[in-house]
Structure formats: structure tokens, C-alpha cells
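S.K.: Residue numbers (the numbering used here), protein chains in the order written: chain U, 107 to 221; chain B, 1356 to 1469.
Hint data in this document are derived by calculation from the structure and do not stem from the laboratory. Remember, it's a predicted structure, so these values are computed and weren't measured experimentally. One or more hints might be untrue.
[As the list claims (entries may be wrong)] Counterexamples of contact, computed for chain B against chain U with all Cβ distances above 12 Å:
| no. | residue |
| --- | --- |
| 1 | 1369 |
| 2 | 1419 |
| 3 | 1431 |
[Stated by the list, open to error] Derived EDC-like pairs (lysine to aspartate or glutamate); straight-line CA-CA distance at most 16 Å:
| no. | chain 1 | residue 1 | chain 2 | residue 2 |
| --- | --- | --- | --- | --- |
| 4 | B | 1456 | U | 191 |
| 5 | B | 1428 | B | 1384 |
| 6 | B | 1456 | U | 162 |
| 7 | U | 163 | U | 174 |
| 8 | B | 1425 | B | 1384 |
| 9 | U | 123 | U | 191 |
| 10 | U | 163 | U | 150 |
| 11 | B | 1433 | B | 1370 |
| 12 | B | 1456 | U | 209 |
[To be verified] Take a look, some chain B residues computed to stay more than 12 Å from chain U by CB distance:
| no. | residue |
| --- | --- |
| 13 | 1372 |
| 14 | 1399 |
| 15 | 1413 |
| 16 | 1420 |
| 17 | 1429 |
| 18 | 1433 |
| 19 | 1458 |
All C-beta atoms, glycine included, are put in the ideal place defined by N, C-alpha and C.
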Amino acid sequence: GAGVSQSPSNKVTEKGKDVELRCDPISGHTALYWYRQSLGQGLEFLIYFQGNSAPDKSGLPSDRFSAERTGGSVSTLTIQRTQQEDSAVYLCASSFQGRSGTEAFFGQGTRLTVV
Amino acid sequence: AQTVTQSQPEMSVQEAETVTLSCTYDTSENNYYLFWYKQPPSRQMILVIRQEAYKQQNATENRFSVNFQKAAKSFSLKISDSQLGDTAMYFCASITGTASKLTFGTGTRLQVTL
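Let's have the full structure, built from the sequences with the hints guiding it.
M.R.: Here's what the structure looks like:
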């Protein structure tokens, strides 16, 4: 596609349920990021994939959060046993080879609401 | 570790006026890049301007320009002739040659008024 695509756009889930958020990066982009953004706040880094290298998971807030990237393309962020504090917008971004200075393109995010 | 600091949570400017958003950063690297991103109410993050640390000349993009002070580790964004469509959250970000991971500031909410 022309840009980074995220699905679903909005997700409402019950506390304790598992959710999966999907990111389709721009074709050819080998770097992929996940960020979390609470209402009106800044971006909290979650995880970074770069090609075939081991992902940088240093931002994942707990072991309930995990992410994978299949075939160097699509990525799925999974949150297990969701809590109300997980409610936020989850943003995905991709860039070409993750080279410094290369622009990261963002998707429109998934707004997750845990009730 | 990289850090990016935006000390102005909110700012307001009248249409057609000029406004400057502040950003400071800290890195031990010599090779790094700085960015300003805009996030309007639509939630879509858009790159506004990019600066390479090795370039002394300040980057400009139409009404947007930066004041890059490398020694002071300062990277402010100037918006000239502000327009209503400039209303958004603005994020400063950095990436270094070794980290290859974008680090963002906490953002400045800019409101352009009539």
C-alpha cells in the first residue's frame, strides 16, 4: 500500500481479554516501530524491529505485551489479559532499513479502550 | 542514551504570527539526526522537517525552519505566518547512528487562533 496501515482503527475490549493489533508497513521498509500514546501525551517507545536482527524490546511495559514480525513485513502487537491502564493509541511506524536520518512513516494508530 | 526534552506543554499563536517551539536533546554520539513531527487532531504523524547534525546550515521547509545550535544541543522550530491548519501537537525527535531508534520528546500542543 501507499502508507503504513494499522488495524483495527478502534478496539474496545473487556478487562482481562487478549487483543491483537496489526501493522502493515510500507513495502520495502525493514525497520518497524511500535509506540504507545496516552490521551494528549507523548510517545512511549515499545519495540523496534530491524531486518533480521533481534528486536529491541526494551520499551515493553510488562510481560503481557509481546510483538512479532512475520517475514520481515507485517507485525502484530499482542496484549494479554488487558488492563484499564492499557487504554491508549498504539502507533506503528516504518522506515527504510532503519538508517539514521531516514524518515519514519506512521500509521493512523489503533485506539484501544479497555472497559 | 538519547533524551529529548520539550519544555513547553502548550503554546498559542495568532494567525499570521510567528511562533517558536523549543527542544533540547542529549546524546554522546557525533552522528545523529533531528526531526520535528506534527500530529494534528486526525492523529496522523507527519514529518515537518529534518536536520542532519553534521550540517551547519539550518533546515527550512517553506514556513517552517529550525534553529540548530549544536553546542547547546538545542533544536527549535520556527513557524512563520501561522495558519489555522498548523494547530497540532508537535514532537521533537532524535535518532543516532548507532541506536537507530527514534526518541521523542513529550510534545508541545500548538493552538493557532484567529
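S.K.: Each hint: holds or not?
M.R.: Structure-based check of all given hints:
no.	hint	in the structure
1	1369	23 Å, holds
2	1419	15 Å, holds
3	1431	18 Å, holds
4	1456(B) x 191(U)	25 Å, violated
5	1428(B) x 1384(B)	12 Å, holds
6	1456(B) x 162(U)	9 Å, holds
7	163(U) x 174(U)	11 Å, holds
8	1425(B) x 1384(B)	12 Å, holds
9	123(U) x 191(U)	13 Å, holds
10	163(U) x 150(U)	12 Å, holds
11	1433(B) x 1370(B)	14 Å, holds
12	1456(B) x 209(U)	11 Å, holds
13	1372	24 Å, holds
14	1399	5 Å, violated
15	1413	16 Å, holds
16	1420	18 Å, holds
17	1429	19 Å, holds
18	1433	20 Å, holds
19	1458	7 Å, violated
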